[in-house]
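Q: Chains A and B are the protein sequences, given in the same order.
Position one of the first sequence corresponds to residue 59 (the numbering used here), numbered consecutively onward.
Position one of the second sequence corresponds to residue 78 (the numbering used here), numbered consecutively onward.
Hints are not guaranteed to be accurate.
[Stated by the list, open to error] Within a straight-line C-alpha distance of at most 25 Å, the following computed DMTMM-like cross-link-like pairs (lysine to aspartate or glutamate) qualify:
| id | chain 1 | residue 1 | chain 2 | residue 2 |
| --- | --- | --- | --- | --- |
| 1 | B | K116 | A | D324 |
| 2 | A | K224 | A | D328 |
| 3 | B | K116 | A | E221 |
| 4 | B | K125 | A | D324 |
| 5 | A | K104 | B | D153 |
| 6 | A | K172 | A | E221 |
[As the list claims (entries may be wrong)] One-sided excerpt, in silico: chain B residues whose CB lies under 10 Å from chain A:
| id | residue |
| --- | --- |
| 7 | V97 |
| 8 | C98 |
| 9 | S145 |
| 10 | P190 |
| 11 | V192 |
| 12 | F225 |
Calculated from the structure, these hints are not laboratory results.
For each residue, glycine too, the CB sits at the ideal point set by N, CA and C.
Residue-level listing of the chains:
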Amino acid sequence: MSEPHQSAPRSTVGALAFIAVVVGGGAAAFAYTAGWFSPARLTPDKLVAALAPPSGPSLGHRRNHAKGICFTGVFESNGAGTALSKANVFVSGQHPALGRFNLGTPDANAVDAKVRVRGIGLQITAPDGQEWRMAMINAPVFPVSTPQAFYDLLLASGSKDPEAMKAFVGKNPEIATFGAWAATGPWTASYAEERYNSLNSFIFTDASGAERAVRWALLPAATPVAVSPEELAKRGPDFLEQDIAERVHGAPQRWSMVVTVANDGDPTADPTKAWPADRRSVEVGTLVVQKIEPEANGPCRDINFDPTVLPAGMRTSDDPFPAARSSAYAKSYDLRTAEAADYPRTATSAKP
Amino acid sequence: MTVRHRFTPLQRLLHWLMAVCILAMLFIGVGMVSTVMPKYLTLVSIHKPLGIAILVLALLRLVVRLRSGAPPLPLDLPVPMKLAAVLSHYALYALMIGIPLIGWAMLSAAAYPVVLFAGVQLPPIVPQNDTLHALLWDAHFYLAFAFFALILLHIAAALFHALVRRDGVFEAMASVQGQEEVAPAE
Numbered sequence: 059m060s061e062p063h064q065s066a067p068r069s070t071v072g073a074l075a076f077i078a079v080v081v082g083g084g085a086a087a088f089a090y091t092a093g094w095f096s097p098a099r100l101t102p103d104k105l106v107a108a109l110a111p112p113s114g115p116s117l118g119h120r121r122n123h124a125k126g127i128c129f130t131g132v133f134e135s136n137g138a139g140t141a142l143s144k145a146n147v148f149v150s151g152q153h154p155a156l157g158r159f160n161l162g163t164p165d166a167n168a169v170d171a172k173v174r175v176r177g178i179g180l181q182i183t184a185p186d187g188q189e190w191r192m193a194m195i196n197a198p199v200f201p202v203s204t205p206q207a208f209y210d211l212l213l214a215s216g217s218k219d220p221e222a223m224k225a226f227v228g229k230n231p232e233i234a235t236f237g238a239w240a241a242t243g244p245w246t247a248s249y250a251e252e253r254y255n256s257l258n259s260f261i262f263t264d265a266s267g268a269e270r271a272v273r274w275a276l277l278p279a280a281t282p283v284a285v286s287p288e289e290l291a292k293r294g295p296d297f298l299e300q301d302i303a304e305r306v307h308g309a310p311q312r313w314s315m316v317v318t319v320a321n322d323g324d325p326t327a328d329p330t331k332a333w334p335a336d337r338r339s340v341e342v343g344t345l346v347v348q349k350i351e352p353e354a355n356g357p358c359r360d361i362n363f364d365p366t367v368l369p370a371g372m373r374t375s376d377d378p379f380p381a382a383r384s385s386a387y388a389k390s391y392d393l394r395t396a397e398a399a400d401y402p403r404t405a406t407s408a409k410p
Numbered sequence: 078m079t080v081r082h083r084f085t086p087l088q089r090l091l092h093w094l095m096a097v098c099i100l101a102m103l104f105i106g107v108g109m110v111s112t113v114m115p116k117y118l119t120l121v122s123i124h125k126p127l128g129i130a131i132l133v134l135a136l137l138r139l140v141v142r143l144r145s146g147a148p149p150l151p152l153d154l155p156v157p158m159k160l161a162a163v164l165s166h167y168a169l170y171a172l173m174i175g176i177p178l179i180g181w182a183m184l185s186a187a188a189y190p191v192v193l194f195a196g197v198q199l200p201p202i203v204p205q206n207d208t209l210h211a212l213l214w215d216a217h218f219y220l221a222f223a224f225f226a227l228i229l230l231h232i233a234a235a236l237f238h239a240l241v242r243r244d245g246v247f248e249a250m251a252s253v254q255g256q257e258e259v260a261p262a263e
């Protein structure tokens, strides 16, 4: 076997052709897997690019929910959540919390009164170091049922064709529920008065191994006071950030976290469909926001509030959005960390 | 004194096991960053523990290689090919060990919990830092493509030895089974 053979030229040509086919086939399979032959594939790059306004993305910032302010505090677990999930964040006690109040806009310099969707990114760390991250918004439902429809919505709303939105709504009538909230739902003058909803459903596993589909929400302790958008427009461009900083400086702000359990047959895969109001709900604890810091130097700046970062005892459901959000958030994170120079870390220049 | 013509059975086992793992890893990696569908999460959940498995296997393999060595290349192998063989093997070892470490460091720099399985988490190996994350992300991404290209070259060279030169180099690693062949030195 160690004896070299003299090969005939014909078989050498055949052998070289075989090698070329193996190498070429390997490269082609790799390229196919990477999506290079699949222009229709919805990639995180396409989704993130579609979020950018015509003027381009806010470099160094999140590609959506770009304007925000950091907070730290604790999640005071009351222990009731252990009936639903074995996750250690539900063991009673105080667990460190880190988060970010934000606006649903790709513009980091947006005027607060102009943005309909307000959100919260939150990370709770259990005593064993496992993290629960989430990103929730004040809307009661999500606008669309699938990530592809969300991408189509971004394209339609950014389109110059006046018929594009009409055509989109024709194909995705489920957006009407969100549209009704956006048009007629109350506005408040404070992040502290908002209710924030997970919208996506997840699966909780308890200590016995029983699984339940759940959604959750943060309900404000502060009483919401409806203020008209016209009234809000008269305030400064950063009134929400000033308000939350002042409130928290005066006293910690609280939200109670309520987990809602689906009945069999409730729509878990579609965040445009709210579950009936009579579903079992469990108050599992209180989020206490103790300190506000500007984002530029704040602890939330470089945290990706990826909703699929879950402790043991929680997992994603058949809802397709957490996967799409995780993929797109990671892309956004990779882009913005590479653009750190465009978002200087000086607390005084947080608002350029 | 004796000269081994084949790698030891342990080396061959490690080689073929890792060949499967690494090819799967590269396809999973390039596939997962191209989709927002639910399979994204499935692929990521394989990518992380498989990467750590490759790191552990590569370190084990490096130790085995240092202890057991490698069969000599054919004496009549042209110098450029000999050089390419030696350098590409250094590069393969560097990438097998380096890419998983870079991936782990990249997640650490982003302050992601490095979750291998539900409830099983690795500690961070570098501090949180956005610039470092961007650097490591680029390194992880581009080195993976370089790794795949090098693997294609490796396969081409192996087949060239097997089908064109027929010089025993391919057979030195070819099968997992079989006894070690030890022949007297020439």
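Q: If any of the earlier hints don't hold here, list their numbers in rising order.
A: 3, 4, 5, 7, 8 and 9
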